[in-house]
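Protein chains in written order, with our numbering: chain A, 1 to 110; chain B, 1 to 117.
Watch out, some of these pointers could steer you wrong.
[Stated by the list, open to error] Listed below are the simulated DMTMM-like cross-link pairs for lysine to aspartate or glutamate, each with C-alpha atoms no more than 25 angstroms apart in a straight line:
1. 107/A <-> 20/A
2. 107/A <-> 69/B
3. 9/A <-> 38/B
4. 22/A <-> 38/B
5. 57/B <-> 32/A
6. 57/B <-> 72/B
7. 22/A <-> 72/B
8. 9/A <-> 59/B
Derived from the structure by calculation, the hints contain no laboratory data.
Given the structure is predicted, the values throughout are model-derived calculations rather than measurements.
Letter by letter, the chains look like this.
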Amino acid sequence: AQRVTQPEKLLSVFKGAPVELKCNYSYSGSPELFWYVQYSRQRLQLLLRHISRESIKGFTADLNKGETSFHLKKPFAQEEDSAMYYCALEVTGGGNKLTFGTGTQLKVEL
Amino acid sequence: DGGITQSPKYLFRKEGQNVTLSCEQNLNHDAMYWYRQDPGQGLRLIYYSQIVNDFQKGDIAEGYSVSREKKESFPLTVTSAQKNQTAFYLCASSDESGTGSILYGYTFGSGTRLTVV
Chain A
1 AQRVTQPEKL LSVFKGAPVE LKCNYSYSGS PELFWYVQYS RQRLQLLLRH ISRESIKGFT
61 ADLNKGETSF HLKKPFAQEE DSAMYYCALE VTGGGNKLTF GTGTQLKVEL
Chain B
1 DGGITQSPKY LFRKEGQNVT LSCEQNLNHD AMYWYRQDPG QGLRLIYYSQ IVNDFQKGDI
61 AEGYSVSREK KESFPLTVTS AQKNQTAFYL CASSDESGTG SILYGYTFGS GTRLTVV
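Looking at chain B on its own, in the form it has when it is part of the complex (with noise of 0.2 angstroms):
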C-alpha cells in the first residue's frame, strides 16, 4: 500500500526540548515537504526538499530543522520547542514534477499534532 506515513500521531514535549517527526514515503517521489497548519492560517511551508542531500528553507523555517539523507524520509526537528510550536505538521510528497501527478496531486500525511507545554 503505497503512500506516506506519519509518527507519532500525537506528539507532547515541554518547552525547551528538542522533538523529531517521522515522515516516510514508499512512493519514490523525488520531492518533499513539511507544512505547519494552524486554525485559520492555512498551510504554511516550513522546508522542502527536491532531491537527496538538498533542502530549501519555506515561509517559517525558523526554529525548525530538516534532513533528507534518504529518498523515503524526511524528518522534521523541532529544536527547543516552544509554545507557539503547538501545532498540526503535515509532510507530503510529490513526483519530479514537483506539484504532483494529475490525478493526485501532492500526497499528504495524516499529520502529527505536536503540544508544547
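Bound-form chain A, shown alone (with noise of 0.2 angstroms):
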C-alpha cells in the first residue's frame, strides 16, 4: 500500500533562513506528487505539483525517484510562510485519489 511520510510535525526556523520540509514515500507504480499548504484559518490548498515544475511563492520540490522523496525547499523563509504544509501521493486506478503525510508545521520566526 502507498505511504507518505513527513518526519518532522514542527519546523521552525528564522525569517531569511533556508527551509526544507522533508517527504517520503512508498509506491509500487509512478508517482505524482504534491504539496499542499494550510494558512491559519484558510483553506487547505494546492502550492506546488512535481509535474508541473514550477516554483510558487519561492518554493520548489524535486522529485527523487532513487531515495524516494520530494522534499520542499526555499531559500530565505518569510515570516508568511508560517503554515502547515502537506505532502500528498496521487494513487491511480480505481479512482485518482491523494493519498496525504502527516504534516509538518512550519513556524518562521523573526
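Each of the two chains sits in its own frame; use the hints to bring them together as a complex.
Given below as C-alpha cells:
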C-alpha cells in the first residue's frame, strides 16, 4: 500500500534562513506528488505539483525516485510562510485519489 | 463565486446519534471526497465519488456512509456517532482528471468540526 511520510511535526526556522520540509513516499506505481499548504484560518490549497516543475512563492520541490523523496525547499524563509504543509501522493487506478502525509507545521520566527 | 460549501462549521452530538455533514460544490466537478483531519495524523480518506450514483470506500470508511444523488452534493453521515469520531471533516472536489486542475489541484471546503460527547 502507498504511504507518505513527513518525519517532522514541527519545523521552526528564523526569517531569512533556508527551509527544507521533508517528504518520503512508498508506492509501487509511477508517483505523482504534490505539496498542499494550509495557512491559519484558510482552506487547504495546492502549493505545487512535481509534474509542473513550477516555483510557487519561492518554494521548489524535486522528485528523487532513487531516494523516494519529494522535499520542499525555499532558500529564504518569510514570516508569511508559517503554515501547515502536507505532502500528498496520487494513487491511480480505481479512481484517482490523494494519500496525504501527517503534515509539518512550519513556524518562521523573526 | 465558485467553490465548495460545507455546513455547518461546528456540530455537537451525543454518542449514538446520527449526524449528516453537508458538502455542496458549484464547480461542475465530477469527483468529490471526504477526508478526516486529526492532529498528528494528517488527512485520511473516508469516502470518494467519481460520478453521480457511485462512490467508493476510502481508508477509514467504517462508521460512515455517503450518497451522491446529485453532482453538486456529497453528504457524509456519521452513523451512531462515537467519541473517537470527534474530528475536523474536510470535503474536496476535483475535475475529471482526478487530481484537480493544474492550477488549483483539489478544491477544499472550509471544513466542519464535529464534537461527539
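Problem - Violations among the numbered hints, reported as their numbers in ascending order - result: 2, 7
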